[in-house]
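Please build the complex by placing chain G on the supplied structure of chain Z, with the hints as guidance.
Read off the chains here:
Protein chains: 2
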Amino acid sequence: MRRLFEDELNDLHVRFSEMGMMVNEAIYKSVSAFVNHDKALAREVIADDQHINKREVDLEKRSFEMIALQQPVTTDLRMIVTVMKASSDLERMGDHAVSIAKSTIRVKGETRVPEIEAEIAQMAHAVKEMVSEVLDAYVKEDSVRARQIATEDHGINDFSKRIYEECIERMREDSETIVGAMDYMLVSSYLERIGDYVTNICEWILYLRTGKLLELNSNASEDGF
Amino acid sequence: MRRLFEDELNDLHVRFSEMGMMVNEAIYKSVSAFVNHDKALAREVIADDQHINKREVDLEKRSFEMIALQQPVTTDLRMIVTVMKASSDLERMGDHAVSIAKSTIRVKGETRVPEIEAEIAQMAHAVKEMVSEVLDAYVKEDSVRARQIATEDHGINDFSKRIYEECIERMREDSETIVGAMDYMLVSSYLERIGDYVTNICEWILYLRTGKLLELNSNASEDGF
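Protein sequence lines correspond, in order, to chains Z and G.
Numbers 7 to 231, taken from my numbering, label the letters of the first sequence in order.
Numbers 7 to 231, taken from my numbering, label the letters of the second sequence in order.
Check each hint, because a few of them may be wrong.
Remember, identical chains collapse to one label, so a pair may be satisfied in a single copy or spanning two.
[Unchecked claim] Subject to a maximum C-alpha distance of 16 Å in a straight line, what follows is the list of computed EDC-like cross-link-like pairs (lysine to aspartate or glutamate):
hint, residue 1, residue 2
1, Lys67, Glu179
2, Lys60, Glu125
3, Lys60, Glu123
4, Lys167, Asp13
5, Lys146, Glu31
6, Lys60, Asp164
7, Lys134, Asp101
8, Lys67, Glu221
9, Lys60, Glu221
10, Lys134, Glu121
11, Lys167, Asp202
12, Lys218, Asp148
13, Lys67, Asp17
14, Lys218, Glu147
By construction, these hints were calculated from the structure, which means they are not laboratory data.
Next comes chain Z alone, as it looks inside the complex (with noise of 0.2 Å):
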């Protein structure tokens, strides 16, 4: 009984992990695509949407049968829990790469700024990396790491600041520059809600280590988004 529940928590784990991979690839390609005005690849995110999607269902059900059935207490049940919820947060960074993919088809022969564009190509990469490094943190369950990741956010949050401040700017100088500018505000918005959603994976791993519930980075403060 021990054996089979250690093989199917090892199994939601590797799954949960293969999730994560879905997510960081689509936050990947759509941001390629923006960037290189690629609507094929954009089209590519939007359809494999889908498969997110039912990793995130698999996995509610699979937990859920796994506390129906085995009936498990304290580590194991948090460990299960947490795959509950954080694939949620997994399925909804997911989202957030589907609207960057309906922006680049949105976009049409607009006026573009190569150097917004040169920015947001650098934020995305920021975020990729945090989306790398929280999975991995995952696995491991490495807390201390968690933490570090954590304070990354604000980095993406200047980063977003940023962005708006040079869409202003560009679209008071140039008002050919007006719809395109308002995509890149929109995808830096998203990006910023994907680096959120990397903050509650990062707690949930505090999670996992302590069995309680932390927040890392309040929303408290009057500045940001």
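This is chain G only, laid out in the frame that chain Z set:
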């Protein structure tokens, strides 16, 4: 034992509903603050968000303990899992109310567009109605109503598209409106996201009734945000 469990389950539902009402109030206040340029009210929304976050942690803890100590199965377990998952949706709706409040504080004497503000107020009213309805449907476990509420999300997305078009038009006509219109666009995207979370809760209501996880509104189309 059974009696105690039912009391606890009932208590869990009451606390979840209360959390829903706190979130609904936050959305209402944040939009009132935005539309009436009321920074004091916006600050209240930001400060009060900690109560929503604490309530989510409290619901997590109670749910976990109920599962660990009482080892519920089938319908009982499903109810607890639903509270665990749907409370994250409520918490994020609260975060979006905070984002709207931050927009209110950010906008400083910028040129505003009353027509778009009126449209945002209408959109917010529609979203608030959806939130009230979904909380009611949740308490009554009304899956027919849950399906109807989810279809209302299309109307929210229509608001969002209209506001986007209007913002672009106004910014092109008058560059003085650019900063304000960027915030209109962001606020409308937060409201749209709140509508998406309402749809998630609708899915949880169906799950409560059927044990099946269904996606009510797919984001597989290339339109929208």
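These are the hints, each one checked on the structure:
Neither within a single protomer nor between protomers do Lys67 and Glu179 lie at most 16 Å apart by alpha-carbon distance, with minima of 53 Å and 53 Å respectively. Neither within a single protomer nor between protomers do Lys60 and Glu125 lie at most 16 Å apart by alpha-carbon distance, with minima of 33 Å and 36 Å respectively. Proximity of Lys60 and Glu123 under a CA criterion of 16 Å is satisfied in neither setting, with 32 Å inside one chain copy and 39 Å between copies. Neither within a single protomer nor between protomers do Lys167 and Asp13 lie at most 16 Å apart by alpha-carbon distance, with minima of 46 Å and 48 Å respectively.
Within a single copy, Lys146 and Glu31 get their C-alpha atoms no closer than 21 Å, and across copies no closer than 40 Å, so neither meets the 16 Å cut-off. With identical chains, the CA atoms of Lys60 and Asp164 are never at most 16 Å apart, being 34 Å at best within one copy and 27 Å at best between copies. In this assembly of identical chains, Lys134 and Asp101 lie within 16 Å of each other by CA distance solely inside one copy; the values are 15 Å within and 23 Å between copies. Proximity of Lys67 and Glu221 under a CA criterion of 16 Å is satisfied inter-copy only: 14 Å between copies versus 27 Å inside one chain copy.
Only between protomers do Lys60 and Glu221 lie at most 16 Å apart by alpha-carbon distance; the minimum there is 10 Å, versus 29 Å within a single protomer. Taking the shortest Cα distances, Lys134 and Glu121 never come within 16 Å of each other, neither inside one copy (20 Å) nor across copies (39 Å). Taking the shortest Cα distances, Lys167 and Asp202 sit within 16 Å of each other inside one copy (15 Å), while across copies they are farther apart (25 Å). Taking the closest pair of Cα atoms, Lys218 and Asp148 come within 16 Å of each other only inside a single copy of the chain (15 Å); across copies the shortest separation is 34 Å, beyond that limit.
Taking identical chains as interchangeable, the C-alpha atoms of Lys67 and Asp17 lie at most 16 Å apart only when both belong to the same chain, with a minimum of 13 Å there against 26 Å between chains. With identical chains, the CA atoms of Lys218 and Glu147 are at most 16 Å apart within one copy only, with a shortest distance of 14 Å there and 31 Å across copies.
In this structure, the hints that do not hold are numbers 1, 2, 3, 4, 5, 6 and 10, in rising order.
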